[in-house]
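There are 2 protein chains.
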Amino acid sequence: MGSFHIGGREVVIKGKTAPKVELTPGVPSNIDPNETYAVEQMYAQYFVPSTVKCKYPLLLWHGAWLTGATYETTPDGREGWLNYFVKHGWPVYLSDAVERGRAGWAPFPDVFTGDPIFLTKENARARFRLEGSQFPMEAYDQFVKQAVPRWTTNNKATIAAYTQLVDKVCPCVILVHSQSGLFGAMVAEARPEKVKALVMVEPANGGANPAALKNVPILAVYGDFIDQDPRWSKIKAVVGKYYEAVRMAGGSVDIYELPKMGIKGNSHMVMMDKNSDQVAGVIQNWLTRRGLYN
Amino acid sequence: MGSFHIGGREVVIKGKTAPKVELTPGVPSNIDPNETYAVEQMYAQYFVPSTVKCKYPLLLWHGAWLTGATYETTPDGREGWLNYFVKHGWPVYLSDAVERGRAGWAPFPDVFTGDPIFLTKENARARFRLEGSQFPMEAYDQFVKQAVPRWTTNNKATIAAYTQLVDKVCPCVILVHSQSGLFGAMVAEARPEKVKALVMVEPANGGANPAALKNVPILAVYGDFIDQDPRWSKIKAVVGKYYEAVRMAGGSVDIYELPKMGIKGNSHMVMMDKNSDQVAGVIQNWLTRRGLYN
Numbered sequence: 000m001g002s003f004h005i006g007g008r009e010v011v012i013k014g015k016t017a018p019k020v021e022l023t024p025g026v027p028s029n030i031d032p033n034e035t036y037a038v039e040q041m042y043a044q045y046f047v048p049s050t051v052k053c054k055y056p057l058l059l060w061h062g063a064w065l066t067g068a069t070y071e072t073t074p075d076g077r078e079g080w081l082n083y084f085v086k087h088g089w090p091v092y093l094s095d096a097v098e099r100g101r102a103g104w105a106p107f108p109d110v111f112t113g114d115p116i117f118l119t120k121e122n123a124r125a126r127f128r129l130e131g132s133q134f135p136m137e138a139y140d141q142f143v144k145q146a147v148p149r150w151t152t153n154n155k156a157t158i159a160a161y162t163q164l165v166d167k168v169c170p171c172v173i174l175v176h177s178q179s180g181l182f183g184a185m186v187a188e189a190r191p192e193k194v195k196a197l198v199m200v201e202p203a204n205g206g207a208n209p210a211a212l213k214n215v216p217i218l219a220v221y222g223d224f225i226d227q228d229p230r231w232s233k234i235k236a237v238v239g240k241y242y243e244a245v246r247m248a249g250g251s252v253d254i255y256e257l258p259k260m261g262i263k264g265n266s267h268m269v270m271m272d273k274n275s276d277q278v279a280g281v282i283q284n285w286l287t288r289r290g291l292y293n
Numbered sequence: 000m001g002s003f004h005i006g007g008r009e010v011v012i013k014g015k016t017a018p019k020v021e022l023t024p025g026v027p028s029n030i031d032p033n034e035t036y037a038v039e040q041m042y043a044q045y046f047v048p049s050t051v052k053c054k055y056p057l058l059l060w061h062g063a064w065l066t067g068a069t070y071e072t073t074p075d076g077r078e079g080w081l082n083y084f085v086k087h088g089w090p091v092y093l094s095d096a097v098e099r100g101r102a103g104w105a106p107f108p109d110v111f112t113g114d115p116i117f118l119t120k121e122n123a124r125a126r127f128r129l130e131g132s133q134f135p136m137e138a139y140d141q142f143v144k145q146a147v148p149r150w151t152t153n154n155k156a157t158i159a160a161y162t163q164l165v166d167k168v169c170p171c172v173i174l175v176h177s178q179s180g181l182f183g184a185m186v187a188e189a190r191p192e193k194v195k196a197l198v199m200v201e202p203a204n205g206g207a208n209p210a211a212l213k214n215v216p217i218l219a220v221y222g223d224f225i226d227q228d229p230r231w232s233k234i235k236a237v238v239g240k241y242y243e244a245v246r247m248a249g250g251s252v253d254i255y256e257l258p259k260m261g262i263k264g265n266s267h268m269v270m271m272d273k274n275s276d277q278v279a280g281v282i283q284n285w286l287t288r289r290g291l292y293n
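Chains as they are written, first to last, in numbering that gives the first Met the number 0: chain A, 0 to 293; chain B, 0 to 293.
With the rest of the complex left out, here is chain A:
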């Protein structure tokens, strides 16, 4: 196992006032904010099992307000999808996208545009369709602590960094969730020869050039209660048009609506739901049928 940062650029900032700081009592700390900043990099952490049972590594990309912690231990303390796939013999790359977690974030408004947006405790519950679902609500407070601020203005930088990650560690399989549906689709469109399959778990967006994915098999996975949720039914319809366009270009998109397969009650945070291993198994089976698992 190991980790690295990748992507980003350097920016020089001028015209700021230096703060007066004593980090050790009596010892002035020299801090000049008018210097060079490393910005828009991302962070990746990899875990290689002792016995590898697949052809390519698996990249797990998180959604909005979240970090790689999404795929680690579930809020109620069970093993997450990271452990599931490592135990099944996949080398797994977990990442914190640009602006999140260990990727760090840049001064705003100097570098990042606009203000950060925070996920509140009230909002997460509705936004992720948790109420009455298989989500372990008894551990909701633990889940809310995972949220980190996000911007809405960093898509270009995030896609650039993820593209560099793919150039470094792929060919691979990419599994995206929610916001990273956009990132996965855009990066796969830019590097279709490097992405051997794209698993889209409730993506919030598709890409811009669907024909580029005609040779990249796609699996889309949806949980429960989507038709009753005005926001999620709209999102599903928007991304549905993208799947259609990929198919029209000759591509393959399998859409798994879990309730129709007899798997009931899943929230948007499928990888944390009580039946998270069952859903991981569905994905694992699809990857196996696609010839990506020995």
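To be clear, the hints were calculated from the coordinates, so they are not data collected in a lab. Incorrect hints may appear among the rest.
Derived DSS-like pairs (lysine-lysine); straight-line CA-CA distance at most 27 Å [unchecked claim]:
| # | chain 1 | residue 1 | chain 2 | residue 2 |
| --- | --- | --- | --- | --- |
| 1 | B | Lys86 | A | Lys19 |
| 2 | A | Lys120 | B | Lys19 |
| 3 | A | Lys86 | B | Lys52 |
| 4 | A | Lys120 | B | Lys193 |
| 5 | B | Lys233 | A | Lys19 |
| 6 | B | Lys19 | A | Lys155 |
| 7 | A | Lys233 | B | Lys19 |
| 8 | B | Lys86 | A | Lys52 |
| 9 | B | Lys52 | A | Lys19 |
| 10 | A | Lys120 | B | Lys120 |
| 11 | A | Lys167 | B | Lys273 |
| 12 | B | Lys120 | A | Lys167 |
| 13 | A | Lys86 | B | Lys86 |
| 14 | A | Lys273 | B | Lys15 |
| 15 | A | Lys120 | B | Lys155 |
Keep in mind it's a predicted model, so treat the numbers as computed, not measured.
We have chain A; now place chain B onto it with these hints.
Leaving out everything else, chain B in the frame of chain A:
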């Protein structure tokens, strides 16, 4: 392996203007900033080796502007202290302190006081005594990407969260670096029965109640070039008074100045220097002599 968030509190914010956001084109996103925020939690990630060779887990706490990534792969791609100690049979807890990395951060000035301070590329070089040292300067750009913003106003919250971490996973050995010297000393003073040893790698501060550590063995480790560096020689002298006070109270403090032991050229980022494994070995030997390793 697994992870969790711990500590923190909930804060309700009022009086903010809701941003207008469409995260999926055509689908308005409902975001109300006047709700409840989870703030001041921290993040911990643990790795348990298949064969445990010690009595207690080892907690690795990072310094200012940094995260748990400090102890992962070195900037030039070698295995870091996380891997070193896991391979030596220690269960290791890596953490991102309050305000850093996967711990997330809170709205400011609403919750966090003051502005975040960024580490620039120019500043890191001098601050961490890297020039002409064993630090792998060819990978300096990689190191700079690890830096995340920090505040100077969160010590109390950080100590509270670390204390909860210790209550959850200790008895243990804690290894601190730089800024976390303060946190390690303060938490060990509050929980002396739970901290079986405190390894302080170039701490920027000691604690407030040295007598509390009379039964907690301390190892302090210092790299090279400190006497020639006005800032670091002052910091070392300030913390030196704390060691003296611990000794006066009957405690044990071993101070290892690496150059005097024939280990030359270490920077402040000892765990990333080219001889990082050699220094880890020095710490490992001390822990063994203290009866903490089988």
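Subject >> Unmet hints by their number, sorted upward, for this structure >> reply: 1, 4, 9, 10, 14
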